[in-house]
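Q: Chain residues, written in single-letter form:
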Amino acid sequence: MEPGDLRLSTTSAPAAPASRTGRRRGGPLSALGPVLGIVPFLLYVAVFLLLPVGVLAVEAFRATDPVTFDETWSTGNIGTVTGGAYARAYLGSLQLSAITAVLSAVLGLALAFAVVTTRRGRLLRRLVLTASGVLANFGGVPLAFAFLATIGTAGVVTPVLTGTLGLDGFRLASMAGLAVVYLYFLVPLMVLTIVPAVEALRPQWREASDVLGASGWQYWRYVGGPVLAPPVLGATMLLFASAFAAYATARALVGSSVPLVTLQIADSLSSNVVVGAENLGKALALGMVVLVGLVMVFYTWVQRRTSRWLS
Amino acid sequence: MTAAPEPGTVAAGVPGPAPGRAAAPADLREQPPVAVRLEGLTRRYGGVLALDGLDLDVAGGEFLALLGPSGCGKTTALRAIAGFEVPDAGRVWFDRRDVTSVPPSRRDVGMVFQAYSLFPNMTVAENVAFGLRVRRRDKAERAGRAAELLELVGLADRGQRYPHQLSGGQQQRVALARALAVAPQVLLLDEPLSALDAQVRVQLRDEIRRIQLELGITTVFVTHDQAEALSVADRVGVMRAGRLEQVASPDDLYERPATAFVAGFVGTMNRIPAVLGDGDVEFLGVRREVLGSAPTAGPAFALVRPEALEVEADPRGHGRVVTRTFSGAVTRLTVALPDGVEVRADVPSAGSQGLTPGTPVTVTPAERPALVEPADVTP
Amino acid sequence: MSATTAGLSTAGVAGAGGVAPETPVRPARRGRGVWRWAVFAVLGLYFLVPLAASVWFTVRSRDGVTTDAYTSIPTAEGFAENFGRSLAMGLLTVLIALLLMVPTVVLVELRLPRLRPLVELLTLVPLLLPPIALVVGVRSVLAWAPEYFLGTPLAEAFFALQEPALPWILVLVYVVLALPFVYRALDAGVRGAQLRTLTEAARVLGASWPRVMLSVVLPVLRTSVLNAAFLTVALVLGEFTVANILGFETFPTWIVRIAGSQPRLSVAVSVLSLLLTWALLLLISALDRRRREEDPA
Chain P
2 MEPGDLRLST
12 TSAPAAPASR
22 TGRRRGGPLS
32 ALGPVLGIVP
42 FLLYVAVFLL
52 LPVGVLAVEA
62 FRATDPVTFD
72 ETWSTGNIGT
82 VTGGAYARAY
92 LGSLQLSAIT
102 AVLSAVLGLA
112 LAFAVVTTRR
122 GRLLRRLVLT
132 ASGVLANFGG
142 VPLAFAFLAT
152 IGTAGVVTPV
162 LTGTLGLDGF
172 RLASMAGLAV
182 VYLYFLVPLM
192 VLTIVPAVEA
202 LRPQWREASD
212 VLGASGWQYW
222 RYVGGPVLAP
232 PVLGATMLLF
242 ASAFAAYATA
252 RALVGSSVPL
262 VTLQIADSLS
272 SNVVVGAENL
282 GKALALGMVV
292 LVGLVMVFYT
302 WVQRRTSRWL
312 S
Chain R
25 MTAAPEPGTV
35 AAGVPGPAPG
45 RAAAPADLRE
55 QPPVAVRLEG
65 LTRRYGGVLA
75 LDGLDLDVAG
85 GEFLALLGPS
95 GCGKTTALRA
105 IAGFEVPDAG
115 RVWFDRRDVT
125 SVPPSRRDVG
135 MVFQAYSLFP
145 NMTVAENVAF
155 GLRVRRRDKA
165 ERAGRAAELL
175 ELVGLADRGQ
185 RYPHQLSGGQ
195 QQRVALARAL
205 AVAPQVLLLD
215 EPLSALDAQV
225 RVQLRDEIRR
235 IQLELGITTV
245 FVTHDQAEAL
255 SVADRVGVMR
265 AGRLEQVASP
275 DDLYERPATA
285 FVAGFVGTMN
295 RIPAVLGDGD
305 VEFLGVRREV
315 LGSAPTAGPA
325 FALVRPEALE
335 VEADPRGHGR
345 VVTRTFSGAV
355 TRLTVALPDG
365 VEVRADVPSA
375 GSQGLTPGTP
385 VTVTPAERPA
395 LVEPADVTP
Chain U
433 MSATTAGLST
443 AGVAGAGGVA
453 PETPVRPARR
463 GRGVWRWAVF
473 AVLGLYFLVP
483 LAASVWFTVR
493 SRDGVTTDAY
503 TSIPTAEGFA
513 ENFGRSLAMG
523 LLTVLIALLL
533 MVPTVVLVEL
543 RLPRLRPLVE
553 LLTLVPLLLP
563 PIALVVGVRS
573 VLAWAPEYFL
583 GTPLAEAFFA
593 LQEPALPWIL
603 VLVYVVLALP
613 FVYRALDAGV
623 RGAQLRTLTE
633 AARVLGASWP
643 RVMLSVVLPV
653 LRTSVLNAAF
663 LTVALVLGEF
673 TVANILGFET
683 FPTWIVRIAG
693 SQPRLSVAVS
703 VLSLLLTWAL
713 LLLISALDRR
723 RREEDPA
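Residue numbers (the numbering used here), protein chains in the order written: chain P, 2 to 312; chain R, 25 to 403; chain U, 433 to 729.
Check the hints yourself; a few may be wrong.
Stated by the list, open to error - Chain P is faced by these chain R residues, among others (derived, beta-carbon under 7 Å): (1) Tyr-69; (2) Ala-106; (3) Ser-129; (4) Met-135; (5) Tyr-140; (6) Val-158; (7) Ala-180; (8) Gly-183; (9) Tyr-186; (10) Phe-285.
Bear in mind the hints are in silico, worked out from the structure with no lab data behind them.
For glycine and all other residues, C-beta sits at the position ideal for the given N, C-alpha and C.
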């Protein structure tokens, strides 16, 4: 601090301590002070996060009579969304998310290792991490169009795929096509979340393991693997949630020709024809929340088992 | 990191011969004469020469410390012994085996790192037994050996803890136990105490020495702390710029440093302007014999330890006390001499109360041969 | 070799004469990085081809290369309006998110460490909760206005939030979506800055809490605030789900709308927005590094 600043502060000091001690003696208010400081945050979260989800959970159980337009309590919506085309959409979403999450976890982990272990790779590292930041979080719509231009029906690379490589059956507007695009933002998301964990692997562990006579495989089997398992599991979980919730990419790419629950929700909300479709959408959305919650519970359980040594 | 040692640390750091040093020669007769030999070891990083043709022999059962400022190559040398550094040139021998290109996992060494080397996902006992686990020994043997070694390092009751539940000193004990569990040929210690508090450091240092003597294991210990090196090692190698300046017993290193660098790095050393005569050297108004071979006559510096200077209050003395630092039995004085020379002297505390700052004094070197450094050589 | 083996003798510094054979030994440890280059090659191809192909898609024409698709962006119908709206919403989102989170993060660090788990949990939820589920809930709440509150000031407020020119409701939901990023960026900054020592020093010198916030905390958090702000603006500029479900037109929904009639324009805007975001992020990270090198506090 500059000497000048110091003097400035000390000259104003006489007033400040007085007011401070005054507030201290103010009793309950001063103890509450800091808590009051985060009340806006808590209120905001309550109104804009917890309230909407709560409303979802209640109104999914409301049904509108098609004739009288009376609202009643009902489990009809829940029954509807757990069967038929809706169940297929859930299954499709779960499948796509699980497959792309696991695949991206593997590829992203490999990329993270490659980047972290490259010597004198600071520029490369910065390029990869910033690119990952862009693609992982904000790419949805732009990515879809980049892929349409590449391997869509009029895409630049499409003739190479169908002609040279003989991949005639491949269509972007399919589960496989979506998976290819999802990897484009899931792999970067994996890189972003796992790089800190990979960096936290201490070189001393590898060296200690070497010196004690362990092979490279034994090191990964007994040390590196177990240490990385919890963060990798957590990251995979995040990838799954991210893929499961993806809507923009799918909407821009396939319209609603692929059974995905996010597309079903959007359809039911935009339908002005079917009475009560709105509540069906709420039930579908509630189903998503419940599924993500179940996956979280499973994850917490596995995490407890793999990271007993962390607590 | 500075090459200059902390003033005053030497007094505490050299408590005479290290415990058990007398026993070493007897062991040497039974053991192979040389357990580890480094031969012309050279290692270059970019433009920096970390090892510059390093030669070193470590006797079986010996505790050898490599001492030097940071960047002197001592850690690189240790890592070359472990196998983590492959030298650009030169050889590493274990006993009669050329291990230069043997990977670390097949060298049969134990190593303790600076810090944080314990596997965080394993209990203390599992850490200690790791070497046996990868050697596919059965559970009972592993558990037995782990218990035995934890007993040895005084942590018998901590086997089921995880590393992060232990203090830094305890973690290093476990690391030591882990390194010893496989009964290695050579034990390597890479500044194992540098991350610890002063008190724990001294305690663990002495314990490492006790265990080393108990097991009679050949040990190479890398440190930048001279007090540490001098207090536990049979011999100390002082390194500088990828080479050994001197390898000698702590006493020899202190009393008869081979080079000005060693003299300056080990303990506190006064450099006093002197004139070399024929077989003797004149400084502070007296003549003393020259220790070792005398350089050619002319201007020079006499190298004198603080405890080899006597200070007396003298109203007509040319020196003046500048600071006075009491540290128990001895008191360290800084005395300003004419011509801008300052010397440090350690005098018995008893009877030095009168030597307060400002007191005029005379400084006289003790009656014994002095080390001399020619004036044109910069340390 | 035999000579040196025979020469094993008593301990001591071996002769300084370089008798050692000059055999450079560099076995297996080097050159194990093949897998790394394989990873770079495969993933590099996967990530670069779509970008390159998109650029090619936008510039190719019957007679060579044209930049029409890019030059026509500024004057394209709806671009200025929607981009401007999204940018404005992004800035408002940043403002609200920072006003909420800076005091929260600082207080949690300094005064209320026991509330940390709660705040962490609450800021994690938006990351895992599907935005589409959140927005369906928001839609249900908004529907209360015509259903239950009609004629009350509350309904008026609800309708005001849904003004298409500047849909405040989107801003309010985006703040929720941005919470995880903003919280993490700020938390990292606070932890790295030894904030406790700094604020205590300022308090001892007599500064009031608001003064401490303004003249100590904010400058220290400059980089994290910048990071959080940038991430948030980028998030809003790319957000599609919420705007689409609530039926507002923003920058991303505009891109989707024009895709049918002007595919080249939509791809050009997409590529440009990706590359510009990347460039800006690179710039921020470079500035951040330079600053850290200048004052390694």
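Q: Does each hint hold? Answer for all of them.
A: These are the hints, each one checked on the structure:
At its closest, the beta carbon of R:Tyr-69 sits 12 Å from a beta carbon of chain P; the interface hint therefore is violated under the 7 Å criterion. Taken as an interface hint, R:Ala-106 checks out: its beta carbon lies about 6 Å from the nearest beta carbon of chain P, inside 7 Å. Interface restraint check: R:Ser-129 against chain P, minimum CB-CB distance 5 Å, threshold 7 Å, status holds. Among the interface hints, the one on R:Met-135 holds; its C-beta lies about 5 Å from the nearest C-beta in chain P, closer than the 7 Å criterion.
Checking R:Tyr-140 against chain P: minimum C-beta separation of about 6 Å stays under 7 Å; hint holds. The interface hint given for R:Val-158 holds, since its Cβ lies 4 Å from the closest Cβ of chain P, which is under the 7 Å cut-off. With 7 Å as the threshold, the beta carbon of R:Ala-180 stays out of range of chain P, its nearest partner Cβ sitting at about 21 Å, so the hint is violated. At its closest, the beta carbon of R:Gly-183 sits 14 Å from a beta carbon of chain P; the interface hint therefore is violated under the 7 Å criterion.
Because the smallest distance between the Cβ of R:Tyr-186 and any Cβ of chain P comes to about 5 Å, under 7 Å, the interface hint for this residue holds. Interface restraint check for R:Phe-285: the shortest CB-CB distance to chain P comes to about 31 Å, outside 7 Å, so the restraint is violated.
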